[in-house]
Amino acid sequence: MSRRTKNSMSTLSEADVENFVAELSSTDNDKEHVCPTEMSDHKNEDDSETSQRKLNEHMVNVIDETEGKAEAEVNTKRLNSDVYKSYEEEIAKIMTIINHMKSKHDEDNRNAIARELASEAKIKTLQDVNNTMAAEIAYLNHTVSELTTDNGNIKIILDIKQNEWIKASGKPSTPKENGKKLPSTKTLNSFEVLVDENDENISSSELASTEKSKDNINSQILDYRSTNNSKFQNLKTNQKSQAHGHINKKKNQVLSQKDRLKRKAIITNLEIDWLNYKTARNKVNIQLKNAKKDYYSTKIAGQKHNPKEAWKTINNILGRQSKPTVANELKVGENILTNTQDIAEGFNDYFSNIGPDLASKIDSTNFNYETYVENAKSEFAAFQPVTVQNVYQLLHCLCSNKATGVDKISCKIIKIAAPVISDSLTYIFNQAITLSIFPDEWKTARVIPLYKNGQRNMPGNYRPISVLPTISKIMERILYDQLYDYFTKFGHLSDCQFGFRKFHSTTTALLDCTNEWYMNLDRKKFNLVILIDLKKAFDTVDHQILLKKLELYGVKGQALSFVQSYISNRKQKCQIQNSLSSEKLIKCGVPQGSILGPLFFLLYINDLPQCLYKTKPRLFADDTNLTASGDSITDLEAAVNSDLENLRKWLIANKLSLNVAKTEFMLIGSKQMIRSISDLQLNVKIENESVKQVHESITLGVTIDQHLSWKSNTENICKKITSGISALRRLKEFADKQALLSVYNAIVRPYFDYCCEVWDVFVIPLPVPP
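Start counting the sequence shown at 21; every next residue gets the next number (the working numbering).
If you are wondering where the hints come from, they were derived from the structure by calculation, not from laboratory data.
A portion of the hints provided could be inaccurate.
As the list claims (entries may be wrong) - Now the in silico label distances, taken between C-beta atoms and shown as ranges: (1) 654 with 707: 57 to 63 Å; (2) 714 with 383: 16 to 22 Å; (3) 355 with 707: 45 to 51 Å; (4) 480 with 714: 39 to 45 Å; (5) 597 with 524: 37 to 43 Å; (6) 509 with 598: 43 to 49 Å.
Unchecked claim - Under the rule of at most 25 Å between Cα atoms (straight-line distance), these lysine to any residue pairs were calculated in the SDA-like manner: (7) 319 with 769; (8) 669 with 390; (9) 381 with 662.
Glycine included, C-beta positions come from ideal geometry on N, C-alpha and C.
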């Protein structure tokens, strides 16, 4: 019997054995019934062996059958057990998900309840603050002692006892809007403006008196300014200067601990103490390096749209010293000025007299500027009053980091105070419009010299940067919007002008030029381009000519009177460090740093194209170029000289000066065309002086050569980005990848993006190395 059979038998139950014995007995009985008497002894032995063999085979078959049944039963039980286990696992997963969803649902309910409770608490807090403000307004009305009307003059008083207010109302939390902090109730009350309600008592006879009205509105601005100077300056934001912004209190504690370990190691001179110190030092150095990297990365990321501030941060990181904006001495005539007050006076004299000195050298007696200006059929007779909402929006859109004027009221303070000063400013603006008077207090500019190039002690190498009072710019914006809409609606602005206009830029100006030049080259024609340079054009605008031209363009009546008040009696002060010069009267020129100044300059030179007959002009403010095209170089020379003479007469009539030394001309053509006339010498003249010929020139910031190849422009761009790439290389250890990308976008990419529509399509890209 096999091992398998033995093993199978060992698994039989007692009932199986009994059945087997019974079956065996029945078999023996059958055999005895078949042959009971005929068997011999030998035959009985054979039958016994056969029966034994059959018995064994039968037992094996029974055992195999029983084993199969047992295995089948065991497999069934095992299968049922596995299925049951899988069911249990699935049920456990489902219960886990159900419990998680139930807990999340409970958490959401709890959060909703918490938010509801917080909202109720917030509403209650706001109600308390509102009640406090109402009580405080009543208190302010009680404490203000002077609220009178003097000769129809509005008194604006900001007399608020801040200490008592804080004591009465406490310190409520600062609300937010769009993620930004709004001014607190304390700050808004500090700007509370109380306006006399009796302005309706001003009689029409008083308004009819121009001089009296002028005195009234000027005194209003004086009161407004004096009050602001006494109150607003005390509310300046405290900005704590941090020499190392990445080092906080916790870092200082770690540094102190490192220093203590060093002192201990020096005293004991034990190896274990030195080991502790070096370990602490290395740990601190790593922490400081990471903190410094995080600090500068965050700071640079916030300056990605401001290249100037980005360069300041980069120079600070790299330890570069900024050069002084103004020299320590100034040469005026034969004198050398070293005192800052004297230097301020010297700059102010130079800036205020340069325009009148140039204009006085021009004799325009025999020339009439009116012959170039077409008399408009449209009319702009009066400025429209402004609403409180418009004033509030203009105040709210102010840039907080702009420089302050002579009134020393910052844009940030005005922006914060917008909700409570809008009404008062609206009244003043509308009164100024009604009276056609621009307040004198808004006409004084603070001038800061900005170095250009050349010797630093020469005043001619500086550009004046004028800063006007912020509130005056709000008034100017109101006037500008109405005037600009009028001139664009009736098409009074020349199509040749691309400067200071909506939907116009240096890109559109250069595209217009290059498009014509390429078309002429396709026709095998030469382009003769004159690059005009006007001398101090903005500073030499004659006020009387400007007013007359505005009248010819349709600005009349009250509107013209207001413009006259705006441009007359303007003054300036020059500031060098903390020294401020005396006031100087500005006799000519449009106001620098103003909103209306650029528009008035465009209108002043708007008729320049009317004097040209053989060339096509293109202007971007005072940057002007004239283009003549043709097959014959001789004809081009004659056409250009003719129009230059016409331009000279127009400049004299308008009291403007041409800088012949910086005026240039360039002949543009293909290499083959230029080679064919290499022996010819062009003679271009203006005012009996020869104009210099160049092969390439920088126009509106883009380098243009005589073949329009853009090779020189590409080389200049590469030179400009060198310093930026060097800074990026050195900044790797101070800033992360995202911050470096911000630096690239701020100081490198603008050189690639500037006017790229003009030259980028003609540049052949370099092959990328494998």
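Tested hints:
no.	hint	result
1	654 with 707: 57 to 63 Å	violated (22 Å)
2	714 with 383: 16 to 22 Å	violated (31 Å)
3	355 with 707: 45 to 51 Å	violated (33 Å)
4	480 with 714: 39 to 45 Å	violated (23 Å)
5	597 with 524: 37 to 43 Å	holds (39 Å)
6	509 with 598: 43 to 49 Å	holds (47 Å)
7	319 with 769	holds (19 Å)
8	669 with 390	holds (13 Å)
9	381 with 662	holds (24 Å)
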